[in-house]
Amino acid sequence: MLSKMKTTAAAVAVTSAFAVPASAELTGDLTIFLDTSNPAPRATMEAMIARFGEKHPDLAIETTVIDREAYKTQIRNFLTANAPDVATWYAANRMRPYVEAGLFEDVSDLYAEPEIAEALGSTKGALTIDDKQWGVAYTYYQWGVYYRKDIFAELGLSEPTTWEEEKANCTKIVASGRACYTIGTKYLWTAGGWFDYMNMRTNGFDFHMDLAAGNVSWEDDRVKQTFMNWKELIDMGGFIADHQTYSWQEALPFMVKGEAAAYLMGNFAVAPLREAGLTDDQLDFYQFPTINPDVALSEDAPTDTFHIPANAKNKEAAREFLRFATSAEEQTIINNGKNLGQLPVNAASSVDDDKFLQQGFKMLSTNSTGGVAQFWDRDAPAEMAKVSMEGFQEFMVKPGELDKILAKLERARGRIYK
Amino acid sequence: MTVSSDIPEAESWFHRNQQRIAPWLFLAPGILFFAVYVIAPVFQSFNLSLYEWDGLGEKTYVGMRNYEDLYWEYVDRDAFFTSLKNNVMWLFLYLLAIPAGLFIALFLNQTVRGIRLYKSLFFFPFVISQVVVGLVFTWFYDPSFGLLNTMLGWVGMGPINVLGNEHLVTYGIVAAGLWPQTAYCMILYLTGLNAVDPEQIEAGRLDGAKGWSMLWNIILPQLRPATFIAFVVTIIGALRSFDLISIMTQGGPFGSSRVLAYYMFEVALSEYGFRMGYGAAIAVVLFLIMLCFIAYFLWSMYREEKGH
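Keeping their order, the protein sequence lines are chains A and B. Residue 1 is where the first sequence starts when you use the UniProt record's numbering, and the numbers rise one by one after that. Residue 1 is where the second sequence starts when you use the UniProt record's numbering, and the numbers rise one by one after that.
A portion of the hints provided could be inaccurate.
To be verified - Capping the alpha-carbon separation at 35 Å, the derived lysine-lysine pairs in DSBU-like fashion look like this:
1) B:59 <-> A:72
2) A:132 <-> B:59
3) A:149 <-> A:362
4) B:85 <-> A:231
5) A:72 <-> A:132
6) B:59 <-> A:124
7) A:257 <-> A:355
8) B:85 <-> A:224
9) B:85 <-> A:404
10) A:418 <-> B:59
11) A:72 <-> B:85
12) A:313 <-> B:59
13) A:355 <-> A:149
14) A:257 <-> A:149
15) B:85 <-> A:398
16) B:59 <-> A:404
17) A:315 <-> B:59
18) B:85 <-> A:418
Hints in this document: simulated from the structure, not taken from any laboratory.
Extracted from the complex, chain A is given alone in its bound form (with noise of 0.2 Å):
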């Protein structure tokens, strides 16, 4: 084995002088699971998996795209029973149940590839359980308040970058008869992102993914300050009635009209806000703003990623598409402007030079120091996610019952974490 990895090795060391792929007679079946069902990354990964079939003729390529909620749960029935050979997932700790009982393969041979360890350092973190690699990313995007410019103006307010500042402004925006944030917590994830930003801000990175790590009681007192300062923004209005009825894409109506002027929200909803009108001359980005100066900025980025299966039956030629799908050229084309829309995990990529990709791109590497995280319900594991986002939920609507929501997750906490 370790003989057979030493030539492996050896073999990627002499081509990649040549920059010649190290298997390009491959042959065979290839067989590809895919959760970007909607037409728009549909596309994008068809016409990536065309090209690399194009590279390889002698390899019989299969593409089964599943709908992306439905695969959530089927995951689970194929890659047991039915594994293909290339699998869409998500990283940190969504992807632990499939490592841990032993369904996904280890490919920390990939991320010894000199090419590849430099090229994907930024996310190598993100797909490391237990000193191994289990997957790439091929893209991700980041988190933050987008705003209505116009209303900014309107009110002659300024993007903040200190809570006292988002606080003067929320004011002055209920004062207009405006709701500071629109966001529809009825599928629970979004208020998961108010809380990331919330906690993270006040008490920091490393201590963010502690709680969600389980090392820390939800009834401490730093996370009864990170409610503290939700609360305000709570108390005040600043959020919309009855979001718990909305989900995240019945939300934007809100914005779109002006009766809320920000949301917080992930890269994607730019695409929905400029379809239904609002231009970028009304549309803009800030990165949400500091609440505890004492600690460093961190942001939620979710990298979506591919992984080989460990029941899958062509290995070498499943390898082979995961370096080219990231790949600093696909890795420019497939994120651009006209297909994700979102940014390369290759540090040898550009960037498209979208306002929002450029903003977040230069955001994430230079003013984020303090961590990226991918998402609450993916750096918690599923049942504590779960738990927690029902509880923020509840806290949104009714602030007054803190101490019993926190109280119910402390003993969720002591029975997930063993």
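Mind docking chain B on chain A? Use the hints.
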């Protein structure tokens, strides 16, 4: 055939026992599938509920731990308590479909021009999918553009967010469920009313029965079979309520509209659910509740059969 009748001593075992075997042969496919797909899973679920299993890795035997956890959730008024409480609410409120269905059936049981059309219109909600019913009612209740709040606005009442209020949400969903269920009960009663004996009505009328007393003493006793079936399907329907909750609220807000069936799905099979054993334990509890009703139904059917 001719051969066997010519030589009676050669008659096979099958021929001799044909009378007794035939019913079993006809029942065999049904029994087989019932055993494999209904009876066996009952025992499998019970077995699974004694384990801790994420659906992927190794199972660990934990004995009654899952049931203990359920008990504590009940004591702490946590998710299991909420689900159980909502299930009870569903059970009682859903039964309103029976009287409602009866009155619509009585109302439609007349011969006027185009009555078939009216009947089909009333039956319509039962034909469309529960998903559509759920969506329609979600929009109806919507706090920003829903018809309900618009109508409340006409009479000067403030907007209410039915699906976003933890006290109202279950009533809201049950109301949505009653719409198709009432139609179902109505059809059962309409067929039942066809079988009502006109002579008895005549006799009752001669004895001075009319209005309520006619309904209560003459009509209803004759509708007993229809009432029984309506009761069975409504109880079962209430206990397996799942689609509407999944469509309208996903168990929310903050888990206050869950019922046992949905909670089971949540902990074992949903996006964040990895507790197969725990889900199985909830399924067993739900099964035991259903078993009370099923036993009662079987017993009363058995009694009925014996009476004839």
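Original post:
Of the numbered hints stated previously, which ones are contradicted by the structure, given in increasing order?
Top reply: none
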